[in-house]
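Participant: As a plain string of letters, each chain reads:
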Amino acid sequence: MSTNHQTAHRNAKQDPEKPWLNPNAKPFVRFQNVSKQFGDFTAVDSINLDIYKGEMFALVGGSGCGKTTLLRMLAGFLDPSAGKVMIDGTDVNGVPPYERPVNMMFQSYALFPHMTVEKNIAYALKLDKMEKDERKRRIDEALEMVQMSKFAHRKPHQLSGGQRQRVALARALIKRPKVLLLDEPLSALDKKLREATQFELMAIQYKLGITFIFVTHDQEEAMALSSRIAVLDKGQVIQVGTPSEIYEFPNSRFVAEFVGSTNMFEGTVVEDTPNQVVIESASTKGNINVDDVGRYQIGQTVWVNVRPEKIKLSKTKPAKHAGLNVLEGTVSELGYRGNHVIYRVKAASGKIIMVFAQSQNRTEELDITWDDKVFISWEADGCIIVKS
Amino acid sequence: MSKFLRKFDFLQVILILSLALLYIPIIVMVVGSFNASQLANHWTGFTLEWFVKLFNDRRVLEAALLSVEIAFLASTISVILGTLIGISLVRVPRFFGRLLLTTMITAPLVMPDVITGLCQALLFNQTRVLFGWPTQGGFVTILLAHITFTMAYAAVTIQSRMLTVDRSLEDAAMDLGAGPVRAFVEITLPIIAPALFSSWLLGLTLSLDDVVIASFVTGPGATTLPMTIYSKVKLGVSPDMNALATIILAIVGAGVIISNIIMVRAEKQRQLDESKAMAEAH
Ligand SMILES: Nc1ncnc2c1ncn2[C@@H]1O[C@H](COP(=O)(O)OP(=O)(O)OP(=O)(O)O)[C@@H](O)[C@H]1O
Ligand SMILES: [Mg+2]
Numbered sequence: 001m002s003t004n005h006q007t008a009h010r011n012a013k014q015d016p017e018k019p020w021l022n023p024n025a026k027p028f029v030r031f032q033n034v035s036k037q038f039g040d041f042t043a044v045d046s047i048n049l050d051i052y053k054g055e056m057f058a059l060v061g062g063s064g065c066g067k068t069t070l071l072r073m074l075a076g077f078l079d080p081s082a083g084k085v086m087i088d089g090t091d092v093n094g095v096p097p098y099e100r101p102v103n104m105m106f107q108s109y110a111l112f113p114h115m116t117v118e119k120n121i122a123y124a125l126k127l128d129k130m131e132k133d134e135r136k137r138r139i140d141e142a143l144e145m146v147q148m149s150k151f152a153h154r155k156p157h158q159l160s161g162g163q164r165q166r167v168a169l170a171r172a173l174i175k176r177p178k179v180l181l182l183d184e185p186l187s188a189l190d191k192k193l194r195e196a197t198q199f200e201l202m203a204i205q206y207k208l209g210i211t212f213i214f215v216t217h218d219q220e221e222a223m224a225l226s227s228r229i230a231v232l233d234k235g236q237v238i239q240v241g242t243p244s245e246i247y248e249f250p251n252s253r254f255v256a257e258f259v260g261s262t263n264m265f266e267g268t269v270v271e272d273t274p275n276q277v278v279i280e281s282a283s284t285k286g287n288i289n290v291d292d293v294g295r296y297q298i299g300q301t302v303w304v305n306v307r308p309e310k311i312k313l314s315k316t317k318p319a320k321h322a323g324l325n326v327l328e329g330t331v332s333e334l335g336y337r338g339n340h341v342i343y344r345v346k347a348a349s350g351k352i353i354m355v356f357a358q359s360q361n362r363t364e365e366l367d368i369t370w371d372d373k374v375f376i377s378w379e380a381d382g383c384i385i386v387k388s
Numbered sequence: 001m002s003k004f005l006r007k008f009d010f011l012q013v014i015l016i017l018s019l020a021l022l023y024i025p026i027i028v029m030v031v032g033s034f035n036a037s038q039l040a041n042h043w044t045g046f047t048l049e050w051f052v053k054l055f056n057d058r059r060v061l062e063a064a065l066l067s068v069e070i071a072f073l074a075s076t077i078s079v080i081l082g083t084l085i086g087i088s089l090v091r092v093p094r095f096f097g098r099l100l101l102t103t104m105i106t107a108p109l110v111m112p113d114v115i116t117g118l119c120q121a122l123l124f125n126q127t128r129v130l131f132g133w134p135t136q137g138g139f140v141t142i143l144l145a146h147i148t149f150t151m152a153y154a155a156v157t158i159q160s161r162m163l164t165v166d167r168s169l170e171d172a173a174m175d176l177g178a179g180p181v182r183a184f185v186e187i188t189l190p191i192i193a194p195a196l197f198s199s200w201l202l203g204l205t206l207s208l209d210d211v212v213i214a215s216f217v218t219g220p221g222a223t224t225l226p227m228t229i230y231s232k233v234k235l236g237v238s239p240d241m242n243a244l245a246t247i248i249l250a251i252v253g254a255g256v257i258i259s260n261i262i263m264v265r266a267e268k269q270r271q272l273d274e275s276k277a278m279a280e281a282h
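Which chain is which? The protein sequence lines are E and C, in order. Residue numbers for the first sequence follow my numbering, beginning at 1 and rising by one. Residue numbers for the second sequence follow my numbering, beginning at 1 and rising by one.
Hint data in this document are derived by calculation from the structure and do not stem from the laboratory. Fair warning: there could be bad hints in the mix.
Said to hold, decoys possible - Once the Cα atoms are required to be at most 30 Å apart in a straight line, the calculated DSBU-like pairs of lysine-lysine come out as:
no., chain 1, residue 1, chain 2, residue 2
1, E, LYS150, C, LYS268
2, C, LYS268, E, LYS119
3, E, LYS155, C, LYS268
The structure presented is a predicted model; accordingly, all values stated were derived computationally and were not measured.
Construct the complete structure from the given sequences, taking the supplied hints into account.
Facilitator: Structure follows, in structure tokens:
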């Protein structure tokens with residue numbers, strides 16, 4: 001089973017087809033200038049999003065940024081105050097939830113407490129007036145898929161959190177919706193079960209070819225699962241992109257800091273050549289070289305964003321070459337994380353810089369310990385500039 | 001230790017006293033219903049005479065029937081109305097007079113019966129003057145009066161239960177294809193069913209119990225059981241009323257015992273199921 005998951009995962013990730021890059025591809029779900037007001041509070045602020053068939057689309061953002069509201073508008077529980085929600089090319093405004101080709105897995109699972117697991121899963125089929133044999137087959141299949149056959153006759157209160165979550169998933173999938181909405185589907189699970197379920201979700205998505213749109217607080221989960229991620233803040237979409245685009249090329253400080261750990265250096269542009277920008281920063285007490293083909297004005301305030309794993313630590317001064325950024329500092333903190341070590345290095349300016357060192361082959365770095373004087377270095381192509 | 005004992009003794013005395021206070025009158029009444037003597041304080045021998053007399057008394061039987069009819073109808077209608085009120089108070093976010101209704105619905109709960117009865121009587125007088133209806137008090141007026149006050153109890157009970165039902169359950173049902181009415185009937189209704197049943201029972205009891213309000217709004221020919229008992233006993237000791245009370249006591253007692261047995265059985269079955277399921281899981 002687990003090897004299947006791995007394959008499914010790899011296939012989904014390697015899929016060369018990226019419909020969002022194809023200008024002729026039609027989005028399956030489209031938010032067009034969608035806003036939602038509660039009284040005079042704007043929960044969702046003119047959002048535009050295109051989501052394509054078969055995507056595993058993640059919505060991430062801080063608490064209260066409008067993720068659930070967005071899903072509820074798609075499911076039909078809320079009407080947008082302005083703009084259009086389109087599913088498969090048709091405006092679904094005013095279409096009630098029970099007529100949309102969308103199913104939702106609720107944050108609280110919302111299992112019917114007075115029905116057994118089997119009845120919960122069968123509920124949607126009962127409404128569909130399906131043939132008895134076919135219905136039975138589908139239910140058994142669904143129970144099997146989430147490995148809950150043994151528990152078919154239990155009531156929800158007799159299940160563990162993880163089992164409830166699997167029942168909720170099976171119930172949301174039984175109608176084979178075109179789009180499945182998942183509101184923090186895995187947040188109630190412990191780490192191990194969460195990882196196992198992530199693989200299961202991917203396998204299911206790959207097998208059924210359903211478009212998944214899921215909300216998560218956990219940016220690692222978003223990275224691991226999704227085809228693309230939308231980062232939201234205060235009801236607005238800040239950036240949409242593949243996990244690696246979001247991680248490597250964040251378009252703002254907010255995104256860079258929200259997704260993964262990062263070091264941020266504020267500074268002003270002092271030189272802009274076609275391929276390289278030089279930034280003067282108080283926190284490095286010197287210039288930072290960044291490979292960047294963008295256009296900047298001299299004197300413009302920008303932020304340089306360096307991921308902790310792109311930084312090298314050494315006790316001896318690294319050989320200088322063009323574009324290398326070098327700083328001196330003192331190790332102020334060190335944390336062992338098994339597969340990597342986290343260093344906090346205090347630079348001469350007082351700025352704390354975070355460095356991740358892999359434990360495998362950089363044995364030299366592991367000799368570095370508290371209060372050591374060290375050199376920090378990173379390449380000009382290992383960091384990026386954000387303007388806001 | 002001795003201090004504790006003394007405290008213990010004190011608690012026991014209180015217990016015995018309160019049990020005595022509760023049950024001595026009932027025992028006196030039950031004994032009286034089998035006493036051959038007319039006088040309650042004088043035992044002259046065992047008899048079933050009063051029971052026979054009771055079952056031959058058409059007035060009592062008719063009153064009992066009337067009471068039961070009214071109680072059934074009033075509690076059933078008040079559960080239906082109470083459910084509608086409960087839903088609108090919990091589910092409809094804003095409507096005209098919502099706050100007024102929320103606060104006013106509880107008023108009949110704290111209103112003395114005499115006032116409620118008086119108001120009802122005055123109301124029916126007014127409608128008689130204005131519309132010529134009801135021509136006289138009776139079944140319908142008692143029923144309406146009972147519905148108004150039992151409905152308040154039902155509404156409050158059901159509203160508080162509705163508040164605890166997770167709204168997303170109905171959302172989930174609608175998401176799976178059920179229309180709003182169907183989602184309510186198949187999901188929310190079964191969940192609040194115990195509250196509906198208990199407010200129905202409460203309405204039944206309150207209606208069967210009422211003598212004050214019914215006295216205000218009744219007319220010639222319509223006498224409920226409590227009114228009959230009251231008027232008979234008012235005129236002097238009446239052992240056949242003791243017999244009636246004994247019968248009611250027996251019915252109520254049997255009801256309580258049976259429901260307890262059923263509950264204990266269900267609980268045992270549930271535990272059995274659960275441990276069986278657990279065993280299977282391992
Ligand atoms: N029915 C409502 N009435 C008024 N305000 C609401 C309502 N629903 C949501 N809001 C507000 O809209 C904002 C967005 O809510 P939403 O539930 O979409 O957040 P979220 O991104 O899902 O947050 P979380 O990650 O905490 O679940 C919040 O500030 C919330 O208080
Ligand atoms: Mg939410």
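Participant: Against the structure shown, which of the earlier numbered hints fail to hold, in ascending order?
Facilitator: none
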